[in-house]
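Peer 1: Using the hints, put the two standalone chains together into the complex.
As given, the protein sequences belong to chains A and B, one line each in that order.
All residue numbers for the first sequence refer to the working numbering, where the first residue is 1 and numbers rise by one.
All residue numbers for the second sequence refer to the working numbering, where the first residue is 1 and numbers rise by one.
Calculated from the structure, these hints are not laboratory results.
All C-beta atoms in this analysis are idealised placements derived from N, C-alpha and C, irrespective of residue type, glycine included.
A few chain A positions that, by computed beta-carbon distances, are all more than 10 Å from chain B: (1) 3; (2) 5; (3) 72; (4) 73; (5) 138; (6) 290; (7) 296; (8) 304.
Covered by chain B, according to a simulated footprint, are these stretches of chain A (three or more residues, beta-carbon under 8 Å): (9) 24-36; (10) 51-61; (11) 75-89; (12) 92-104; (13) 158-169.
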Amino acid sequence: MGRYLLRRLLHLGPVLLGVSLIVFLVLHLTPGDPAEVMLGSQATQEDLTRLRAQLGLDRPLHVQYARWIGQVLRGDLGRSLWMKRPVLTEVMERFKATLLLTASALVLSTVGGIALGIGAATRANSLLDRLSTVASLFGASMPVFWLGIVLMVIFSLWLGWLPASGMFAPYGGGGARDLLAHLVLPAVTLAAASVTIVARLTRSAMLDVLGQDYVRTARAKGATEWAVVVRHALKNALIPIVTVVGVQAGYLLGGAVLTETVFAWPGVGTLVVQGILARDVPLVQGSVLVIASTFVLINLAVDVLYACLDPRIRYE
Amino acid sequence: MTCGRRWSAMLLLLLGLAMAPAPLVAQPAGTLVVGLVAEPVNLDPPQVTDLNSNRVSRRIAETLVAYAEDSTQIVPWLAESWTISKDGLWYTFKLRKGIKFQDGTPLDAEAVKFSIERQFNPDNPANKLGKYPFAGYFFGNVKAVEVMDESTVRFVLKEPRASFLAVLAAGAASIVSPTAVRKWGADYALNPVGTGPFRYVSWQRGQQVVLEKNPDYWRGPVKVDRVVYRSIVEDQARLTELLTGALDVIVGVPPDFVAQLEGSPKVTVLKQVGVHVWYLGINNQKKPFDDKRVRQALNYAINKDAIVKDVLKGTGSPSIGPVLPGTWGAEAGLKAYPYDPQRAKKLLAEAGYPNGFSTTMWVPESGSGMQSPVAMATVMQSNLKAVGVNVTLQTMEWGAYLAKLRSKEQELFALSWMAGSEDPDLVMYPLLHSSQWTPNGPNRALYKSERFDDLLTQARHTTDQSKRAQLYREAQRILVEDAPWVFVDHEVQIAATSKRVHGLKLHPSFDLRVETISLSP
Chain A
1 MGRYLLRRLL HLGPVLLGVS LIVFLVLHLT PGDPAEVMLG SQATQEDLTR
51 LRAQLGLDRP LHVQYARWIG QVLRGDLGRS LWMKRPVLTE VMERFKATLL
101 LTASALVLST VGGIALGIGA ATRANSLLDR LSTVASLFGA SMPVFWLGIV
151 LMVIFSLWLG WLPASGMFAP YGGGGARDLL AHLVLPAVTL AAASVTIVAR
201 LTRSAMLDVL GQDYVRTARA KGATEWAVVV RHALKNALIP IVTVVGVQAG
251 YLLGGAVLTE TVFAWPGVGT LVVQGILARD VPLVQGSVLV IASTFVLINL
301 AVDVLYACLD PRIRYE
Chain B
1 MTCGRRWSAM LLLLLGLAMA PAPLVAQPAG TLVVGLVAEP VNLDPPQVTD
51 LNSNRVSRRI AETLVAYAED STQIVPWLAE SWTISKDGLW YTFKLRKGIK
101 FQDGTPLDAE AVKFSIERQF NPDNPANKLG KYPFAGYFFG NVKAVEVMDE
151 STVRFVLKEP RASFLAVLAA GAASIVSPTA VRKWGADYAL NPVGTGPFRY
201 VSWQRGQQVV LEKNPDYWRG PVKVDRVVYR SIVEDQARLT ELLTGALDVI
251 VGVPPDFVAQ LEGSPKVTVL KQVGVHVWYL GINNQKKPFD DKRVRQALNY
301 AINKDAIVKD VLKGTGSPSI GPVLPGTWGA EAGLKAYPYD PQRAKKLLAE
351 AGYPNGFSTT MWVPESGSGM QSPVAMATVM QSNLKAVGVN VTLQTMEWGA
401 YLAKLRSKEQ ELFALSWMAG SEDPDLVMYP LLHSSQWTPN GPNRALYKSE
451 RFDDLLTQAR HTTDQSKRAQ LYREAQRILV EDAPWVFVDH EVQIAATSKR
501 VHGLKLHPSF DLRVETISLS P
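With the rest of the complex left out, here is chain B (with noise of 0.2 Å):
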């Protein structure tokens, strides 16, 4: 019976093992340990523009001006107040005086000029150490940055663009210490030094980046004395170590766990619509969607509602146009289209398919602010098939769809725009403005109106707020009549907190502003 004493003994120690119960350790009083949806890719905001990284960089090095607390409204941030030349070319700021970098370089216009020109300017030594792949979506339109004096620095556009301001409040712009830049070299987006609330201490590949408060912060120290970033793909384990009490704060709920946390008495759910939206593409110069009164019945024939409470179970809110409701640029009175299969039919046939048609429906079967794309694709597919349409669906994987869709032999498509800002330009002008069509640009739907790139062009060059909001207004009523998409949703973010968590406020760009936070002990 030695073999069975043996066996059983193995048995007991390989339990024990199991068993041993880790004592799970308390968090610190001062640490907040927040859980991430991917890793983030590197620190410096204009080498990457990533959701995940910017949650972090964006803690540690700032911008010009920067949005409001509850809005993407503009407010003064390192610079104390700015004015624009009467022809909207130039942009002169004045900074705040007495402002450090974490390693204390003091912050001045050289530091703001070193900063954006190293994005787009050869002659910049810092241009080679990195590859700013999005300086020309940013700064493109930027002729020259001077510096005035010490605190004074200047841009100079190549054509006026009312939207700059945003552009300045984008992660891109951050201002970053050119002594860390200088002594880092390439590696400084591993080591980044700027002039926020918190600075860089560690990064432990594929586990954390850890941030410490910044005791010499302008607006005054933060009351979080470290904050922890934990990369977490899989939902159900961000979702356990949140209920367990190991996170604090976790960001990017699917919707099937809404309901589960909002009936947990360990956590508080909080919930923010952001500047998103999510579109049904058409492409507008294919038959038969070059027609009007067939891309109308689309969005007569899909019902928009259902997706957002079924599918996305509250993770949506429906969109009528692709600027955010309840913004300086958004139309009030714009009507939905209703979901009116009859009414569908009813201009099918009138356009001349009684009998309906087939189409091919592209899906991406993931991708940043893509929500749940096949689900909801699936349920459009049967909305549609319903009026006579047979829609083919066709998913693939992110990065191949990318490529696919500068071919231009797109149908039907399935995609988001994370707009970063409420300013209208920064949706409308590069997805359906006529100049921006793929490939040049973003626009994949093909569209075009005269009128309405008129309309653009217009707002761009003016600002007047009030002024611009009414030659926006007007777009947004011309798309509405147009139909170039279907307007599906803006996505609502959801975050959830524990308990000791007091302060947390989501901000509709979805960068996730842990400065505000406070914990109990």
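Just chain A, same shape as in the assembly (with noise of 0.2 Å):
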């Protein structure tokens, strides 16, 4: 277990090696650069040759490429070029916004869609699998910034329930009832379409296991319908279960940047916005890096979970 451990952690370097060259190149190929949007149209050629000299942008990609990786190797993402603060810094703080978001939507969608995936099994074709087949079918079709503004004027704007954005009260908040608040919205919207995935997986997972030998085994022993359904059915249906939350956490991580525009989540979504509609180069490139190595993570992490939920499967 501990050697594959350590191949997978070794796969990180390549990874990110990659992911770096990709983001590297993707911005400094797209027209427009942090020069022209930073001066905006007022600016003269001769602003625009000075600007790029002073921001190091006229020398040829692959000095400015080395010369990145090279302080990334020391630790350091560099400077924003609009924000004047260390990427590092920013990056990581607009990250832990964005973790809590995720983590959130990922816990609701999990428990509700296992909530709701168990349900539908042992009701399978009732009215109550049906209708929860049509709700997450709706939660996962329609676009997530509509479903984010349409929650916020119902429970916001019309029942006044909910602050509408933000993370905390301007003024006078900032305690965990505070936060809770606010967090409600954008995680509901943002689990909305990962429910569906999940309760849909577990309530086919579910009705295969229970339909399995030793299931029924365990029913003509006398185990309650509790201790069958969740002790022996769900524990094996948990398998594929956990392997597609793994890729939702990454699809969350990812999906968050919709949602907190739409609620002005302080997050790292909102942020990699920003700097790639103001080229802001060194900021995007620290911030993608970031989401990429939490992703890489969070899929070893399921791995990991994966060996324990299932003593069959063995590492050399």
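Peer 2: Following this line, the structure appears as structure tokens:
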């Protein structure tokens, strides 16, 4: 197991290198450079040339890349061109907010999805089953920003139950209750699409497992329905579910951008979008590296969890 | 049935979480919460000129001269008086006495010299501490800044330019505390210190910037204790926060929301035309647009009133020329091109295009001052089709668009300009003088008229406002006749406030002057 882990960790290097190269190239090959955007439509050629030199943009691409990678290896992600702050500080601050949102959405969609899936599997083809299918399809089909705005209008504007945007109240707030109230709408919006996937998968995995011989045996031996469903069936159905949840975690991390924008959630998604529009090269490159690393680590964790759940899987 | 119970319990828990009403905390009596369209970038005005950064940073640092309350006429501010030499090259300012920066440093001529010089003089120690991308644009004409005595400072220009006073009212000319710049170095942009009515308190990135009242402000302390600027990009979210009372002021209201806001008893809607112009640029050097009749035909073909009424829904005011009507430089007698497709077709036929022609129009998808670019361009496209001009629209992201406009391949292109001041020189010279042809400058229409150039140059060299006005009026008449662009509209700024906000007046320069606000309890 230890060796397996080590091997997987070593994969991190080449993957991140590949990601860094792609991000660098895409940013630099996009029309319009940071100097252009900074100076806007008022710029003269003279100003542009001077600013480009100041920002180091006039050097050949491979030189710029090498310089940047050298910095990264020393743990320095550079300074944001626009905001003047160190990229690493900026990204980590915002990343905490994104992780909170993504984790909440993940918990909601996993718990909600599994619950709905179990309910649907144990009452296959009942009204409940059909209703939950429709509801979850709806949640998955609606665009995230549409769903977010609709929820905002209903719960903030019409009912006044929840705050419309932000992470904390600008004054007098700051407690856990304040945070939770602000978290509800964005987390539910983000979880909406994932719930379907988890629910449908749980339903079919459970149906599959519930039809197995050992379940029949357990029932014949007199085990309670609860013990049958949870201890015997669910544990085995969990394997494909865990894999999907791991993939969902990655999707949620990326999909958080739209939700963050709608709800003004101060996460890394909005930071990256801002950075791209401003062509803030160090900022975008640094943020993408951090996000990519997290994604790889999440996948690793899923694989480890996999091994814990299924003793049949042996690792060299 | 334990499954069912567990399942319902889970559902109830989720529902309970969603329903726990958060007490929507009421604002403390003296706090004003402003909803901005985007987050400020940094708070040192010479280093950024985006509107939202300026709206915040101008409350902290001030300028030698400023715009009057209702217009962009220049009034004394940190300087109490000034003299201009006969040749227009020396501008000598007497500073008010007794003003201090928020960190206690006294305001003196040395501080003025420091603040301005650091932007363009490589020998100034603060020059390396930041990037001043607009130094050339604002201060390229300044030869030197001289300290005459403790409260007298002189600017020596390379060439006479009457709009220099307007430059000194811009955000980039803010006077900052040299002590603070030396103390914070490259981080000064995040810890600004000026002489203004508010001082900087804190900035939670992605969430809010907090300013509080400067109790020692030289004009007397303001009535609001603190201002919190929240950046909310999504329009519906900003609107909802205003309507639920969480925000006191919002700016940048999109056209579609105006009707809803005007109909709501909870908010007051404010409108003010800004020093801005939105135009359809025409490449004056490319066939068939090098023929004046074709350009005039375009002006007759496009229905500007429909654009302003139906697309902009009152967030624009139709434009006849680049200078804002009602200002000192505007020609009141200018005649607009009426919507007349028949006349357009006739002119096209005269020019040799009885069956019209095909062309492309470049449009950005968004951008500072661009209002609703794609919608407006689509209307123009259909207007032009009706007279036989087949337009292919090419939309682009803003950054890519700016890069493309340097290529000189444009035919028709949609663009806008925020002048910052009503001084006609600041809009007509960069955009239409032949020395400013792209890529040297922003004259992307590649317009050239010797008489026009001459008038503008003359107007720069005299500081007599009535003489300049005469010259500019003639220049505008030439522009209307030559039609280098299709002038479409001037943006009307829309802001909405909650009922507890009093005393806010929108300013034509797009600045948001919250210092005049008082809050009812």
